[in-house]
Amino acid sequence: MLRVRNMSVLVDSFRLEVDGLEIDPGCYFILMGPSGAGKSLFCECLSGFRPAGGGVIVLYGKNIGRLRPEERGVSLVHQEPCLFRNYDVFGNVAYGLRCRGISEKAIERSVGGILEKLGISALRGRKVDELSGGERQRVALARAVVVKPSLLILDEPLNALDFKTRQDMMEQLRRLKGEFDHVTMHVCHDLDEALRLGDRIGIISRGRLLQTGSPREISYRPRSLMAAELLGVSNLFPVSKAVGDIVVLEDRFNLRYAGETVKNPAYCCIHPELIDLGGTRRAEAAYEARIIGIRELGKMLEITLDAGIRLTVRIFDTRTRQFSEGERVVFGIPEHAVHLME
Amino acid sequence: MQDRLRSDSGRLHHAGLTTLIFSLLGGLILLFVVAPLLGMVLHCPAEDLAKAAADPAVTESIWLTLWTSMAATMIFAVSAVPLSYLLARKQFPLKGIVTGIIDLPVVIPHSAAGIALLGLISRGSLLGDLSDNLGFHFIGGPAGIMLAMAYVSLPFLINAARDGFSAVPERLEKAALNLGASPARVFFTISMPLAWRSILSGMILMFARGMSEFGAVVIVTYHPMITPVLIYERFGAFGLRYARPVSVIFVAVSLAVFVFLRFLGRKSVNAQSQ
Numbered sequence: 518m519l520r521v522r523n524m525s526v527l528v529d530s531f532r533l534e535v536d537g538l539e540i541d542p543g544c545y546f547i548l549m550g551p552s553g554a555g556k557s558l559f560c561e562c563l564s565g566f567r568p569a570g571g572g573v574i575v576l577y578g579k580n581i582g583r584l585r586p587e588e589r590g591v592s593l594v595h596q597e598p599c600l601f602r603n604y605d606v607f608g609n610v611a612y613g614l615r616c617r618g619i620s621e622k623a624i625e626r627s628v629g630g631i632l633e634k635l636g637i638s639a640l641r642g643r644k645v646d647e648l649s650g651g652e653r654q655r656v657a658l659a660r661a662v663v664v665k666p667s668l669l670i671l672d673e674p675l676n677a678l679d680f681k682t683r684q685d686m687m688e689q690l691r692r693l694k695g696e697f698d699h700v701t702m703h704v705c706h707d708l709d710e711a712l713r714l715g716d717r718i719g720i721i722s723r724g725r726l727l728q729t730g731s732p733r734e735i736s737y738r739p740r741s742l743m744a745a746e747l748l749g750v751s752n753l754f755p756v757s758k759a760v761g762d763i764v765v766l767e768d769r770f771n772l773r774y775a776g777e778t779v780k781n782p783a784y785c786c787i788h789p790e791l792i793d794l795g796g797t798r799r800a801e802a803a804y805e806a807r808i809i810g811i812r813e814l815g816k817m818l819e820i821t822l823d824a825g826i827r828l829t830v831r832i833f834d835t836r837t838r839q840f841s842e843g844e845r846v847v848f849g850i851p852e853h854a855v856h857l858m859e
Numbered sequence: 005m006q007d008r009l010r011s012d013s014g015r016l017h018h019a020g021l022t023t024l025i026f027s028l029l030g031g032l033i034l035l036f037v038v039a040p041l042l043g044m045v046l047h048c049p050a051e052d053l054a055k056a057a058a059d060p061a062v063t064e065s066i067w068l069t070l071w072t073s074m075a076a077t078m079i080f081a082v083s084a085v086p087l088s089y090l091l092a093r094k095q096f097p098l099k100g101i102v103t104g105i106i107d108l109p110v111v112i113p114h115s116a117a118g119i120a121l122l123g124l125i126s127r128g129s130l131l132g133d134l135s136d137n138l139g140f141h142f143i144g145g146p147a148g149i150m151l152a153m154a155y156v157s158l159p160f161l162i163n164a165a166r167d168g169f170s171a172v173p174e175r176l177e178k179a180a181l182n183l184g185a186s187p188a189r190v191f192f193t194i195s196m197p198l199a200w201r202s203i204l205s206g207m208i209l210m211f212a213r214g215m216s217e218f219g220a221v222v223i224v225t226y227h228p229m230i231t232p233v234l235i236y237e238r239f240g241a242f243g244l245r246y247a248r249p250v251s252v253i254f255v256a257v258s259l260a261v262f263v264f265l266r267f268l269g270r271k272s273v274n275a276q277s278q
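Sequence lines, in order, name chains A and B. Numbers 518 to 859, taken from our numbering, label the letters of the first sequence in order. Numbers 5 to 278, taken from our numbering, label the letters of the second sequence in order.
Here chain B stands alone, though its shape is the one from the complex:
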């Protein structure tokens, strides 16, 4: 009996030790994420921050970053969400390849993605000529920024929405069809609302990822500058001291927007489930 108790307490001791080691390792990772940001904030004098916050170039670039990323998310969600539904529900030839293509922007270097996009939208290309005829330009304009942001961040939305649709039991959709609903009605009244939490989460991720994009955007549209490009430009031209305040402000704004959107998302999901 005593041997058994000893062996049980040994096992518990072992489990406690494992948790301790895992916590220490996890703590190191957290430190790795937080320490550079904290260091950056602590090394930034308040007067530099105030000066950067009052700089129209900084505020304009932050505003441009926010709205282009938001617009890219909204516009591309219109076709990305139905695609996610198809991927979750239908079996079709080459589905594996389609899924792989969707994840492609995650694995290719974003500068390479920018070069590839440039070929698609530059003057003389089909899209470039079309946009010229319609009176706007992808290169050097917000449309180009949105395109570059969407290209690299779409997988986040598509994958999250696909997982959301997969989690909706198919028998609910069948029940709705049996009750006389058309497939489109079933999509809008059953599938979408029930997968809404995942879709929203995917949209927030896409928005956040688009907002922080640098590699693809800098190649497609250097001017007007989104904030990541402005930070790079200030660092290259004036050094760390001038890039740091802009970075601190942008990180703060990004965090605030991200937290706000998460909060909004949670509120709307709660309201829906009540």
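Extracted from the complex, chain A is given alone in its bound form:
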């Protein structure tokens, strides 16, 4: 388990503050945030290349905050694979094991095993300069995992890869996550990557951890406007007034809301894929609108409605119902499609 408390690190004028982060053993944790949010700085603090600013970092019961990088049991995989050019693939993967004084026989077994698992056994004797981007990243991953770290940090490992390699690598990471009991912290800024891989997701922005939660919680219940914006949530409106079960958005749209009570709602998001267009599902409230835009997104249709406010609706393009611009439609907003934020 990883626990971080009272970390406060100042670099030039940027301050990183993390308090109360807890990640369970074996958890695949995604740290998401925009560029300059402090993700890499946080990774540097965890891996020991920067002091934790008086904070406490407890990894599986051991306070590692003051240990040197080589004593922490933290493995790091960067966006750039950082392979050692003076070793071949086997030498790279075996490096950490040799540092631990493990016998060559055991090294042979462990390295062979991990290369096999990642499907790169054929590369074992190759020079690292001869490898493709995806192969290099797999070797870096094998090298980091083979030493059985307590914490594996993957700092935007898929960024430099093409689409196909990215998908393959994600699949491999998914498979690997069930086989090890270390904590994995995967840093990224891609929501799709986060949702596909993460057991839990943390949102970081401007040096602060805004929210942690399951992928479902994070995507449907962002806790702040900043988190919602980072997650690319559509249909985000300021709440003008909330009286009883009526919430007024942008002074002109009355939304009936029967969800959990929020004391002082400041913003509201209406999840576009949960809006019931055309009344196929039972809606708690029915509204009228005019279609002002239709966009095809592969198998999905993104429809923009003018209902007093501009609402985006996403539906599967089943071809059973055709929509056209200017058409008047009825739609419903189910209770679970609405989320209020303080």
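FYI, nobody ran anything at the bench for these hints, they're computed from the structure. Mixed in with the good hints there might be a few duds.
Reference listing, derived: stretches of chain B covered by chain A, where coverage requires no fewer than 3 residues with Cβ under 8 Å from a Cβ of chain A [stated by the list, open to error]:
1) 143-152
2) 188-201
Quick list of the computed label-pair ranges, beta carbon to beta carbon [to be verified]:
3) A:R725 to B:V111: 49 to 55 Å
4) A:S525 to B:S186: 25 to 31 Å
5) A:R615 to B:V110: 39 to 45 Å
6) B:R175 to A:E539: 54 to 60 Å
7) B:K94 to A:D709: 58 to 64 Å
Where a beta carbon is used, it is the ideal one built from N, C-alpha and C, also for glycine.
Given the structure of chain A, go ahead and fit chain B onto it with the hints provided.
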């Protein structure tokens, strides 16, 4: 369109003219380097060369020059390479001044460097007395020659090795540390091997520069004579005719050794990268 073509061809013509002028100027420089050496070789009769090659004083001095320069390079590399690493990787107070001090031997006259060294190692000085107690003398011995050679040639090694270490991405060292390697292990298994080409190149430069040193060595240790001192002595005592064959032989040996070391260096680097 035609105007444009004309202007393009004018630009190309201009570029060709520039390359031609630069090549001519470069050729003059090459001629300036090669012509004196060629002249020296061509003006040296074969029988004089043979006589000099058979002269024990000449062969001994060449051997002395080679081994003292090599030994100075090896001995001083032990502390120069770690210093280069520190200069490449660490930030510390007065780093600029330290870098300047390292380059000092390049800018001061080498005879002045010899005088300064003499003060450090002569009898009555701390190092002089220490060496006396240990049973050897800097002045008038190979140790003095090595010291003088190293003093003037160390910057070549330190600067080349520092550039080599700077070119090794720091994140590789961090990756090795994360894998559990100690800083010393990272230095010997990652930083050194990856900077090896530059270190080797610096060592070859230091060796070559040490071998050709005259000013500092002649003041610290006139006898036994290294070849540059022997050439000077023959020129002063017997004239150009006696100095020339020794010079030709020494230049040939220096070139041969330099080419051989470069070849060896390249071979070892290639073997390492395979």
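Comparing the hints with the structure gives:
no., hint, result
1, 143-152, "violated (count 0)"
2, 188-201, "holds (count 5)"
3, A:R725 to B:V111: 49 to 55 Å, "holds (53 Å)"
4, A:S525 to B:S186: 25 to 31 Å, "holds (29 Å)"
5, A:R615 to B:V110: 39 to 45 Å, "holds (41 Å)"
6, B:R175 to A:E539: 54 to 60 Å, "violated (29 Å)"
7, B:K94 to A:D709: 58 to 64 Å, "violated (42 Å)"
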